[in-house]
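Colleague: Given these sequences and hints, build the entire structure.
Read off the chains here:
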Amino acid sequence: MNTVMAIIKKEFTSYFISPIAYVFIIVFLIGTNFMFFQPFFLINQATMREYFGLLPWVFLFFVPAITMRSWAEEKKSKTIELLLTWPLSDAQVVLGKFFASLAFLATAIALSVTIPITLFIIGSPDPGPVIGGYVGALLMGAAYLAIGLWVSSHTENQIVAFILAWVAIFALMIIGHPMVTMKIPAVFVPLFSYLGLFTHFESIERGVIDSRDVVYYLSVTGVFLFLNAQSLGSRKSE
Amino acid sequence: MSENSNRLMLEVHGLNKRFGQVHAVSNLDFEVKKGEVFGFLGPNGAGKSTTMRMITCFIPPTSGIVRVDGLDTAEHDLAVRKKIGYLPESTPLYSDMTVREYLSFAGKVRSLRGNRLKERMDAMFSVCALTKMANRQIGKLSKGYRQRVGLAQAMIHDPDLLILDEPMSGLDPNQIIEIRHLIKRIGSEKTVIYCSHILSEVSATCGRILIIKDGRVVATGTPDELTSGHRSGSQYSLRLKGDKPSLKSGLASIEGVSGVSVDDGTDGWYDVQVNTASKDDIGEALFRCAVQNNWSLSELRRDHTSLEEVFTQLTGGGK
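Those sequence lines, one after another, are chains A and B.
Note that our numbering gives residue 222 to position 222 of the first sequence, counting from 1, and the numbers run on in steps of one.
Note that our numbering gives residue 1252 to position 252 of the second sequence, counting from 1, and the numbers run on in steps of one.
Simulated from the structure, these hints should not be mistaken for lab results.
Possibly wrong hints are sitting among the right ones.
Capping the alpha-carbon separation at 30 Å, the derived lysine-lysine pairs in DSS-like fashion look like this [stated by the list, open to error]:
#1 A:K76 to B:K1143
#2 B:K1118 to B:K1190
#3 A:K76 to B:K1140
#4 A:K9 to B:K1033
#5 A:K75 to B:K1140
#6 B:K1213 to B:K1248
#7 A:K75 to B:K1034
#8 B:K1033 to B:K1190
#9 B:K1118 to A:K78
#10 B:K1184 to B:K1132
#11 A:K76 to B:K1108
#12 A:K76 to B:K1033
#13 B:K1140 to A:K9
Modeller: So, in structure tokens, the structure goes:
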């Protein structure tokens, strides 16, 4: 466990060494704040519903940017050969990188706390959905991150990692969208709409934590972290 | 058997590695005793790094057994990795970290904590002469310093077995001498496997050498054994003045001489090479022969086969 902490710490600090991280966080904050506050005074309601509704789309770009470097850089600079000959299990390394990226995402989300503060100053929103929305956003982010990390473990090119992670997350989003579900045989519709990320956005938007959605997000996260460890192990069967 | 394993740091038996059609390592067998500095020599692409990757548990062998200090790498993966310090070929390091941060991280993943970690880091700073660079970013260091950081990382947990893959590449002659001293110092207490394609390096540091070509062992032994053992006879070079045919016949008649070749030199001098079938010294007989025949003699020396020659012959260099 201590070694996992050492990896988390190292990975987390390495995000902040490069200026890119600050740029991402600033773009994320300005973007979400702008998109939230622009229609806010028109709607004239003190809720964060609109904000949490934006996050799935914002994360679609933000999360691949966080994860693209994780494995691709290790592969490119060959540091992976040292990392995987240190006395660490593949699972420890994967978890270390995952929790570091989650901590980074959580930091970015936490910095958006200006929005609820503003709301509480100018109105009186219901705190329950706000907290629920943040927890949901983190769970959803975890699932995105696991996908992004898994994609990054297949390439040594960061740009490729970014684009493929975007494609993978987007694909998982739209399989549950009516756009797709209207065109497939009716038998598959429940399956597709369950698997699609889309179906599980709604409760987050409302700030309600539904245990089915929690199970869904944790499962997606778990599956992709497992696949990530498998893809590290694939060097062994080459 | 158990007594035997106690003396051995590394045992490799029937090791094979295939990448698709390519047979990178085939039927490799060797043993490294505790406290030995073992040279692993071969031209580029001979399978050195692949072998090291199998020993360090980065990739598994296609078949064969690797035992480190009696532990099978296939079964005791993590325990084996704890015993090994490894410097991979291209010295991969996290270039955005400082030397101190990096060594601290390397120590922590090796389960070093608190005072012990601090103690080992200080030891590495002084052994690898990195104190001045402690707070520099690794990416901004020169190649020589990066190499030392790589060494420090490999030694931070005081490993039983240190594996260095091409540790001298990219270093200037002064740095090479420094690192060579460092390796010798470590080698006096620890077992070191030193991979290289540069002979002079290996012969200067290693007690025993294994030469590998196309994934197979072609020779193994001490540097002396390799140089003397490889050629059965010896060779003499002489510079003589005299009548060419009589030079040839006169020298050929000496006991033990198996071949004479005479090249025209300058001003009536001839460059003569005499080969013998055995290792006996015939220097005196050559001299007497010259005196008896009234030849002038300006040079007489016994040629030593260099490790370079052995290496070139064994690995078919230049072909």
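Colleague: K76 (chain A) and K1108 (chain B): Cα distance at most 30 Å?
Modeller: holds, 24 Å
Colleague: So if I understand the rule, the pair passes when the alpha-carbon distance is 30 Å or less; does K1033 (chain B) with K1190 (chain B) pass?
Modeller: Holds, at roughly 10 Å.
Colleague: Assess, step by step, whether the Cα of K75 (chain A) is no farther than 30 Å from the Cα of K1140 (chain B), and give holds or violated.
Modeller: With Cα atoms ~20 Å apart, K75 (chain A) and K1140 (chain B) stay inside 30 Å; holds.
Colleague: Can you confirm whether the C-alpha distance between K75 (chain A) and K1034 (chain B) stays at or below 30 Å?
Modeller: violated, 33 Å
Colleague: Taken at face value, is the distance from the CA of K1132 (chain B) to the CA of K1184 (chain B) at most 30 Å?
Modeller: holds, 23 Å
Colleague: Does K78 (chain A) sit within 30 Å of K1118 (chain B), going by the straight-line distance between their CA atoms?
Modeller: OK: K1118 (chain B) and K78 (chain A) at ~27 Å, within 30 Å.
Colleague: Regarding the pair K1140 (chain B) and K9 (chain A), is the alpha-carbon distance no greater than 30 Å?
Modeller: Given pair K1140 (chain B), K9 (chain A) holds - Cα atoms ~22 Å apart, limit 30 Å.
Colleague: Under the criterion that the straight-line Cα-Cα distance not exceed 30 Å, is the pair K1118 (chain B), K1190 (chain B) satisfied?
Modeller: Holds, at roughly 21 Å.
Colleague: Hint check: K76 (chain A) vs K1143 (chain B), CA-CA at most 30 Å. Holds or violated?
Modeller: Satisfied, since the Cα-Cα distance of roughly 18 Å is no more than 30 Å.
Colleague: Is it true that the CA of K1213 (chain B) sits at most 30 Å from the CA of K1248 (chain B)?
Modeller: violated, 39 Å
Colleague: Holds or violated: are the alpha carbons of K76 (chain A) and K1140 (chain B) at most 30 Å from each other?
Modeller: Distance ~18 Å between K76 (chain A) and K1140 (chain B) Cα, so the pair holds.
Colleague: Given the hinted pair K76 (chain A) and K1033 (chain B), is their alpha-carbon gap at most 30 Å?
Modeller: Between K76 (chain A) and K1033 (chain B) the Cα gap is close to 35 Å, so the pair fails against 30 Å, i.e. violated.
Checked against the numbered hints above, the structure violates hints 4, 6, 7 and 12; every other hint is satisfied.
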